[in-house]
Each structure stands twice: as structure tokens, then as C-alpha cells.
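Q: Sequences and hints are given; from them, build the entire structure.
One line per chain: the protein sequences are A and B, in this order. Just so we're on the same page, our numbering is the position in the first sequence counted from 1, plus 444. Just so we're on the same page, our numbering is the position in the second sequence counted from 1, plus 424.
Please keep in mind that the hints were generated in silico from the structure rather than gathered at the bench. The structure displayed is predicted, hence computed values, not measured ones. Every residue, glycine too, gets a C-beta built ideally from N, C-alpha and C. Mixed in with the good hints, there may be bad ones.
What the hints assert, rightly or not - Not close to chain A: a few residues of chain B, all C-beta gaps over 10 Å, as computed:
hint, residue
1, N426
2, R550
3, R589
4, A783
5, A845
6, A846
Stated by the list, open to error - Label-pair ranges, simulated between beta-carbon atoms:
hint, chain 1, residue 1, chain 2, residue 2, range
7, A, L469, B, E769, 53 to 59 Å
8, B, D883, A, G532, 35 to 41 Å
9, B, T586, A, G525, 29 to 35 Å
10, A, Q905, B, G485, 48 to 54 Å
11, A, V809, B, L484, 53 to 59 Å
12, B, A517, A, D844, 45 to 51 Å
13, B, H797, A, R1191, 42 to 48 Å
14, B, D503, A, N948, 53 to 59 Å
15, A, R825, B, A517, 56 to 62 Å
16, B, E614, A, A511, 44 to 50 Å
17, B, L456, A, D940, 24 to 30 Å
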Amino acid sequence: MIGKNLSHDSATRHVTGQARYIDDLPEPRDLLHALPLASAHAHARILHIDVDAALDVPGVLAVLTEADIPGENACSPVGWGEPLFAEGVVHCVGQYIGVVIGESVAACRAGLSAVRVEYEPLPAILDVHAAIEKESYFGEPAVLSRGDVDAELERAPLRFSGEVDTGGQDHFYLETQAALAVPGENGTMHVFSSTQHPSEVQEKIADILNVGRHLIVVTCPRMGGAFGGKESQAAQPAAMVALAASQTGRPVKIRYDRKTDMCQTGKRHPYHSKFEAGADKDGRLLALKVESFADTGWSPDLSRAIISRTLFHLDNAYFIPALRFTGRIARTNNVSHTAFRGFGGPQGVIVIEEILSRLAELLRVDPAAVRRLNYYGDAPRGMSPFGQRLKDVRATRIHDSLIDSSGYRGRREEIERFNRESSWTKRGIGFSPVKFGISFTKKEYNQAGAYILVYADGTVQLNHGGTEMGQGLHTKMLAIAAHTLGVPLDRIRMMDTATDKVPNTSATAASSGSDLNGEAVRRACEKLRERLRPVAAWLLGIVPDEGDGLVFEDGEIWLPGNPAARTTFQEVAKAAYDARVQLSATGYYRTPGIHFDPSAGVGNPFHYFAYGAAVTEIEVNGLTGEYRIRRADILHDVGDSLVPSIDKGQVEGAYVQGVGWLTMEELVWDEMGRLLTHGASTYNVPAIGDAPVDFRVSLLPDAGQEGVVYKSKAVGEPPFMLGISAIVALRHAIGAFSSTPSQVELRLPATPEAVLRAVDMARGNPAPAATKA
Amino acid sequence: MNRFHFWVNDRLIEVEDEPPTTTLLHFLRERLRLTGTKEGCAEGDCGACTVVYLDATGPLGPRFRAINSCLVLLPMMRDRRVYTVEGLSSGDALHPAQQALLNHFGSQCGFCTPGVVMSMFEATYRLDLDADFKLEDQMCGNLCRCTGYRPIREAVAEVAGTRPRDRFLEMLQQAKADPPCSEDPLGSYETSHGSFYAPCSFEALFDLLSNEPRASFVCGGTDVGLAVTMHAGGRPPGTSREAGSESSLPCLVSLEDLPGMKKLQKSEAGFVFGASLPLTDLEEATATDLPPVSRMLRYFAARQIKHRGTIGGNLCNASPIGDLAPVLLALGATCILRDRARRREVPIEDFFVDYRETALAEGEILEAIRIPHIPGDGRAASYKVSKRRELDISSVSASFFVRTDANEKVTEARLAYGGMAATPARAKLAEATLLGKRWSTSTVEAAAKALDSDFEPIDDLRASAWYRRTVAANLLRGFFLETREERLPRLSARPSGTIEPESPRTDVEG
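A: Written out as C-alpha cells, the structure is:
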């Protein structure tokens, strides 16, 4: 069952409309609805909240604010800095002030319009540059450093410096934030939440209601996409309905419409980075200094961990002898930016990739060749900036293999020929690699549990702590359970993720879902199988020693070489029940050997690294700045794939999402801090015509990863960064508009407008400075 | 009448006293509890709510149309057959569209999947999906955030045009245009919440208009639907919208069922297209004879929108970025207007009076548009530039018509733009520089320069004024390059941009 292509475990339900999301669940009797009341100002004192008119609206039951919270008014994943509802001051447009509860969504909406909040506006900091100027930060800088970087920069034969700005990115999960709270007897509460982190939702609700966590059960049936956006920020809507349900004694549901979702939840952090780099004449990096600033928004959320991951990935796959990376999280009056696939990693990787692209342009050499020169390798080029020795570096192997299989060199020549003959249409080809550290940088998150129940008819219920957001985690867990227990997939039922099955779970995040939960599932299944083995041996009338040789596979149990010794899982389960053998088991796993000392910037924060690379070919229209990806080739390392169809889907989806971040997805806020791109009509995620026309994804063969469940590897985030190859390709194409080789100046996100500016610049016809925000 | 009926998945549904502004999506999910159809954006831009209806009223024959149920007002589905994702399989047997998506591993989170399936369902019965770019057009209205589209592309290519002999094909082949308005020429649906009329005679329409001064016209409804859902869609922070603005549409009058309003006519004098003609039909009907029209429609909007959107709706809301207007301006179209007493025909440029204002008088409707033939010595093409090629609102759209004499001197020029001013408009100064000059690079450069005096575009979230200006001029340059060999350039099979200034290249694949 391991290593076979499988459909997503919900695929049939997806295509028939039977898959239920929060808003599709049968509604309990007496259901109420809720909508959040949010700040209209980027920064203001709340002078007065007048809810009288709202309460007069037919169907409106209550407007709850911070005064109505019996426990702690707190909803931060890190335990500080974020109340659920504003306390006297609002810090961004869209910050929650309260929640309107009504008999219908329409009543809530009318109630919301009737609430009058009086504000006294205060000065606001609306972007990272303003924050830097005002020195507005949370906490102290995070630093990673090695060697005497200033001296090495001084000595370097080639020195250059620059800046890289990247924009934010809305998650645009198709299912918006949603939760349903159903109060039970004796102060209990069952909350259905579209969340990557049920245990944290449980914790926040317990604290807000001032009760023990044992009274709160949080269930996540599935999510219609999450991408990090439901790691910490699904807690607020869930907390609002739990509070409302506890106050009214009735079930309460909330589902954000798209505008509410986009205006009131955090996004990928916009970054500003500046660098000074030193290299030798061949293009080998000798020294690098980078300062990165993340627009964190108004509350810390997960930003501290996100900037750490940026620093851990500023090197990407490259050995840099002397370096200093500094990261700061800038406090602004924007929504609180949060986890998004890659978790700060992409904002680091793009910086070093831009540096190498610019270096190649300076040296007038193939940018892929410059990258190859700089990879990590054997000692002394095997040491990460944080003192973790890299083992089994696969960057060069992947590079050489993909350069060959994609026909990179020949196509590059062909493209240059094409570009000489074509004046308004130019093509470019770009290569970029990724190396990505796998493990939560928060050590305690690197644990997981599973709970498996076998019934006397041989059917199985599978519980684990991970959540399903489309990434196929459940499918992988089913494959592991089916393989380890030796039962067919259709005899195993995947249960909804729930905090009453596995306690104290981690967020399904950091690409770690299948590594952590998969090993826990495997261990639980192994426990059960070993308990059943003597029962099977007894049933088959063979001696216990022979039982060691029994094979459990696809619902049957047999002894190789003995055709008579064959029974079924079903019979063994029944026999085990009769013999009073326990038929349920838990599994537990914690990642070994990881540690990190943030003050020293040293440790082994990652269990291992995932690798991959992409080659993208793009065509640019020099009249409009429009472009199209003609072809993308990817070679990605997922270890021994648990389910190749799922892994390939992750790689393809991540790549296109990464391309979206760097090209067409542009967030625009106005001068009051209000988001203008707050819908599908104004914020452009890639459509089918933006994906590569010719899309070739392969998984690295012979890639087993020791120490991970069935030698597999994490896949969710790393391929996101392969989208950078589209920018490398764009630079190549844009450069071809110049009569002399020169530096390309391409702003990110590279919208058609940004590309046209760069083309005009390359043609020696610079546009006036951008007037747009 | 305060009731009507329609069919959902072949089940007869009686609707009684439901507000006329109820959307089909809302009705499916909240009344029928068919929750397979999802709301992803409530503005017709993501496709998660896609359903299909069988339409036998169009001039090109019966067809399934995939539409955004979030923008469809329920009474528009009166007497129609609607299919949702729940209605496709037969027992345990999946529909080929469902099976293909499953076989190609085309669902991840599954939330966009019902909509994807419904667009694929339409594709299954289409016989004209013979090119990659048509498949992309078929699917571009379905945003998927998970898969990267490769499996969806492969799945739709597999089922497109396969037309299994199943109950749906039977339904399609048996479908006949319903005799309009059997009993009630007003097509009335009057409820305590407001009224909806779909008159099927002009007499009934004009009688109604004289009695109902509050009437708002709807012609496909993708814009009125938006007004309804965006109100219902909640209040963006920092803006105030009054509650209950749904009731500002107390009386809706649909022009869809009026006789002749969907006509397609070709004669010596040119083409006449009825104002209620769906844009997909217009796209198909103009592919050969009027490439500038079909080329604009390719990037106009998602197919789901084009299925409900109409010529009349697009022109009458007079948006500065309505993409049809520049094409009609360039091609010298006229609008046929009609009230109770008479018909009049006005040139399209006189139709747009100001920002969202038209020349329509009280009690007058747009009945049709007339587009003259493009003469053999004319060049014409249309362009749309947006941040995302498909499914996006224009930064700039443009359409050009230039006619030259035997000496290549320009005898006629119409350069029309959208997104450059408060209304779609012609660049009169640039046109003037062309007239009488030889159609050459230097003439085009002079015209491109003159464009700067024609327009004062604005900065907004879609594009800067600089970009609009630059692209406006470049599109004209591109038009010159593009029409050197082909006077009426068609869509190229695989455009990297809206404009293809180079001659076709050696693409091997696809």
C-alpha cells in the first residue's frame, strides 16, 4: 500500500458534493448565527460602542464585547499580545471588537450595520518601511552569524549590495473561516472548526470561558484549504461562537464571507530585506550580510518563529563562509500577518536567489551555473549557519539530473536564438533550487499521537492528531495503517480529527503532518499487529515462533511456504476479542535529536532537509508586460514517497501558488490602511491559464530518508519556493530586451505592470517612478 | 402569481413567496439543503458555486450552460432544468466528468471541486472544444488553490466532447424552446418581498413600465446579482452601507424572454444581435465573421459569466471598463433602441453619456445592436490587458479599426479604449493624426503620441496611470505589427499576451 498512487480519501465525496465542510453540516435545532464586529480604523481609541440600535433589530440577540468574556480576553498562539476583542484601542482595520449574534445571518448583518462605534483616530504605521523609520518592532533582533563578515566583505574581489521587497499573499483558501459551537450539559461545549490546530482552538476557548480544557471538544471534519491561514487565526471565529453559545445556551455558527475573511485575517508577511554580498570572480559567495524586516501587523501572532525560519533559509542550498543574518519583526497597524506555506522560508530563499541572479548578471554567466558553484557539499562546505552539519545534501544531484532531463542547456541556447530574431516577444528560462528544514522550530510541537480501534469484525477506526486541509494527510495515514496492519483500505475508516481522541496535538503545519502523525500511526498499528500475531498463530495452529514469520497483508494473514496456514484479519480480530486481547492502541512519536539555542543561534533545529529544483520557461510580451509560463520541469525529493499521486499534487500546487505570490497576487491597501483587494475580482490567484502549459513533475528516485516513517519525506511547503524559478526566467527574458547585458530591475510581485517597467528599463526607456502605493 | 416552478436534478421544485432576489445558490443550500454547491466568493469570480442549466432558448440550439449560481436570481430559473453536483451520478456510477477528475487525482481540499465538476459536465456535451485555449476558456472560471491545475486540465481534455449516451444527452436532444409565456404574458412573480417580471411581449413590457416606475431592468443579471450578493456579502470594514438595500430592487424586469431579443442576424447590411443574446453565443457566432468581437470575448470573463451575461446588460450598465463597448465603438456599431411608440437607432458613441449613464430614455430599452461588415480593406482587432489574463477586470482594453486605400493611405480610423476614461471612448486626436496618412510605423508613432492628449487615465488598484498610458500606445503599435500579415487577427492558439506582435512561431506541443 505504501508507494502506490491513491486517490484522495475523500475524492469520491469531493466529486459528488457529499464531502461536508463546516457550513454544510446539518444544522442543530435553535441555531444562531454570528458575525464579527471589526474596527474601521487602523489605529484609534474606542470612545464608545453603542449597541442599542443593533439590539432593536429584529432577530438580533446580543452584541458581545470584551466585557462579556468570563475568562481571559486572549487569543494569541504565543500567549501574549493579542486580545480576542479590542480593549479600548484598536490597532488595525479589521481588528475584532465584538461579535453580533442573531437568529439569521441577515439579522446579524443588519445588527452589524446598526452598531455605532465612536473612535478617536491615532497615528498609524501602515507598512514595513514606515515601521523601520519609526523603529517600531516587537522584541529584539534575531541574529545568525558566522565568521567576520565585515572583514570578508572587505576582502571579496566582487562586492555588491541591494534590496529585495516581497509582497504579502492572501491564503485564498476556497473555504473561508468557519466554526459551529454546540453547547452541551454541565458546561461542556462541542466546537466544529475549520482549523489546522484543534488543540489550540480548544485551549483558547477554555481560557476565554475560564473552564478546564476537558470540557471543550474541538472537531475538524476537513478544511477547504488552509495553507497556514487556519493555523492560529481559525481560533478567533471559533472562540466567538463558543463565547456566544456559552452566553445564550444555544448553538451558534459563523462563516466569514470572502470580504470579511480577506479584510480581517492575516496574510503572508510582506518583507523588506537589504543585503551586502561578496563573491569571487567565478561567482562563489564569500560573505553575505542580510537584514530582513517582516511587516508583522498589530500583534505578534507567530511572527517570531516566522522570522527565525527566514534566517534559517536565507542560505537556501548554498554554503556561505562568512555571514550575518538579522531579522526583525516590525510592528505596524495592519492585520496580524501569520503562517503561510513556507512560514517565512520563502521570504528568505527569494533573497539569496535574487542575490545569485544579480551576481550572474554582473558576471554575465548562466545563473544556473552560479548556483551550482555555491551548493552545500562535503566538509568544509557542509556546515549550516546555525551549526547543524548537513548530511546527505542532495542539491547537486538534483541539479545535474534536472538540468539534463529538462534539456536546460539546449533550450537556453534555443531561447537566445529565438530572442535574437524576435523583437517584441522574448523568452527566458530559469532554474532555482530549494533546501528546506523539516521540523517545527518550536521543539514541543514535534510530537504526535494516534489512536486506533479495531472492532471484532476486523474493521478499523483510525484517529490521529493531524488535520486534513486537502494535502492528503488522511490518505497517507490510511496507507500507513493499511500497510502496517495488513488490512484493505476500505476496512479502515478515517475519523474526524478531534481533541477527545488525541490530546495536546500540534498544529498540522510545517510540512510535518505526515512525518509526525504517520510515525505515531505506524507505531499504534504495529502494537496492534503484534498483539494479534500470537492470536493468529494460535488460530492457525502454528507454534508462536513460527508466528514471527506471519505476513499481514490486505486483510489476510499467512505463513509463506505454508499454504494451509492462512486466515483473515476479520477472523483474527474475532478470535482476539474472544480471547480478551485489547483491540485498541495508541501510538506516540517525538522527533529525536532536535534542539536549538536561540540566544547563541546554534543547534540542530531540523530533523532533516528536503530538496528540489525547478526549471521554468516563460514568454514575455514586451508591449504589455504580460507573460506566460510555457513549460515547467520539477524534480523534487520526497524520500520514498508514501503516496506518489498525493506528493505530486502537493508539488504542483505549491509551485503554482509560489508563482502566484511572486507574480500576479498583489495586495493593495489604501492610505487609511484599508485593504482594497478584498475579493476574487480584485485579488488574482492563478487561474488555469496561468499554470504551466506543459508541466512535468518527477519525484527523486532512490531517495529514502532514514529516520522518517517508511523513509518518506515532508512535502507541503518546500516546493512552494520552486516558483522562484519563474522570476529567474522572467529576468532572463527581460534582460533580452536590452541591447547590452545589464542588471534587470524587476519589482515583486512581478505583475504585468512591473514586468513592463523592467522591460522599458532594459530597453533604456525607464518609466517614471511608480506613483502607485 | 406568487409561485413558479423549476427542476433541480430532475426533481420538480415549487417556489412560493421566496424573495425574487434570492440567489439560486442560497436556495439550493438553505432551502433544498443541497450543500454540494459552495460559496467561495459570492461575486461570480471563483466558480465554486457553478451549476448547470439546460437552455433551449438560444438561437444556436439547446445547450447546457455552466453558470455561477451565486449571481443568478431564482426567478430567472423559472421552468428551467438545473443540475447540481449531487445530480450527476446514477447510483454508484459516477458521471464521466466526476470519474475523470477522480482518475487524474484532480481534487485536493475538494471545495472548488463541485464547481470544477459542473464546468467539466458542460464540457462533456460540447462538441467544439478542439483546442487547448478553448479548454482553458471552459475552465478558467473555476479557481483552484490546491492542485496547480495540471490534473484538471488533463481530466477535462479527457471528457470534453465525449457526449456519453446518457439521460443528460437525451434531455439535451429532446429539449425544445419552451413556448414563451403560456398563460401570463407578463411572466409575473409577485411576492410580499418584491416582484419579478419576465414579459414575453413588448406590449406587456411597456404596459408594465407605465405602471411600475420603480422597475429595474435585468438582462442576464450578472451585475444585478452582484449588487444583491455584495450587499448580502457583508460589510467591508471601514465602509458604511445601509441595511436592507435589497429592497431597493422592489421590482425587477427581465428582458430575456422578449421576442427576438436573442436574435442573430446576418445580412448585406451587417449583423444584428439581440440585446439578450448570451455572450457565449455572441462569441461563437462571431468567431468567423467578426474576429475582433470573439477575440475580446475570449478574455472577457469566465465562461459561467458569459453564459448569463448579455450584450444589453454589458452595454446598459455603462461601466468604464465594460469590454464590449470598445469593440462596438471601433466597428462602428449602432444601438437599436425601442419604446412603446417607436424604434430609433443611435451610434454607439452617443449611447454612453457619462460615467454609468446611457442615452436610454425613460421607458426605453436597448433591443439590439447592429454591427456593419468589416470591409475587405479594413484592419481590425481587439485587446484586453489585465493583471490576470483570464477572469479579470481590464486595466486597459482596446479595439481598433483602420481602413486604407490602394495607396495604403488611411481613409477611416476608429481607435476605442476602455479603462482610460470615465466611459469607454474613442481616441479622436489620435484618429485625426492617422487620417490621410500612409499606414506606417511613423504614422502609428504619431498617433501613439497623440493618445497622451486624448486620455487622462487614473491610478487605481489594477494599474497605474503610467501603465495605462504606455499600454494604450503599445497596443496600437502592436496592432500595426499584428495586422501586417493578417488584417483580422484571430486568437492564436497559445498567446503569451493579449497581443502577438510576432508572426506565428514553431510551437510543437499542444
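Q: Over 10 Å from every CB of chain A: does B/R589 meet that, or does the non-interface label fail?
A: 21 Å, holds
Q: Taking the Cβ atom of A/V809 and the Cβ atom of B/L484, is their distance within the range 53 to 59 Å?
A: 57 Å, holds
Q: Would you assess whether B/N426, listed as outside the interface, keeps its beta-carbon beyond 10 Å of every beta-carbon in chain A?
A: 21 Å, holds
Q: State, for the Cβ atoms of B/D503 and A/N948, whether the hinted interval 53 to 59 Å holds or is violated.
A: 57 Å, holds
Q: Is 29 to 35 Å respected by the C-beta to C-beta distance linking B/T586 and A/G525?
A: 57 Å, violated
Q: Does the hinted range 53 to 59 Å hold for A/L469 and B/E769 at CB?
A: This hint holds: roughly 56 Å between Cβ atoms.
Q: Taking 10 Å as the cut and beta carbons as the points, is B/A845 off the interface with chain A?
A: The claim stands: B/A845 keeps its Cβ more than 10 Å from every Cβ of chain A (closest is about 18 Å).
Q: Go ahead and decide if the range 48 to 54 Å is satisfied by the Cβ distance of A/Q905 to B/G485.
A: Holds: the Cβ-Cβ distance is about 52 Å, inside 48 to 54 Å.
Q: Beyond 10 Å from chain A, beta-carbon-wise, is B/A846?
A: 19 Å, holds
Q: Holds or violated: the 44 to 50 Å window for the beta-carbon distance between B/E614 and A/A511?
A: 47 Å, holds
Q: Could you say whether the range 56 to 62 Å given as a hint is met by the Cβ separation of A/R825 and B/A517?
A: 59 Å, holds
Q: Would you assess whether B/A783, listed as outside the interface, keeps its beta-carbon beyond 10 Å of every beta-carbon in chain A?
A: 28 Å, holds
Consistency with the previously given hints fails for number 9 only.
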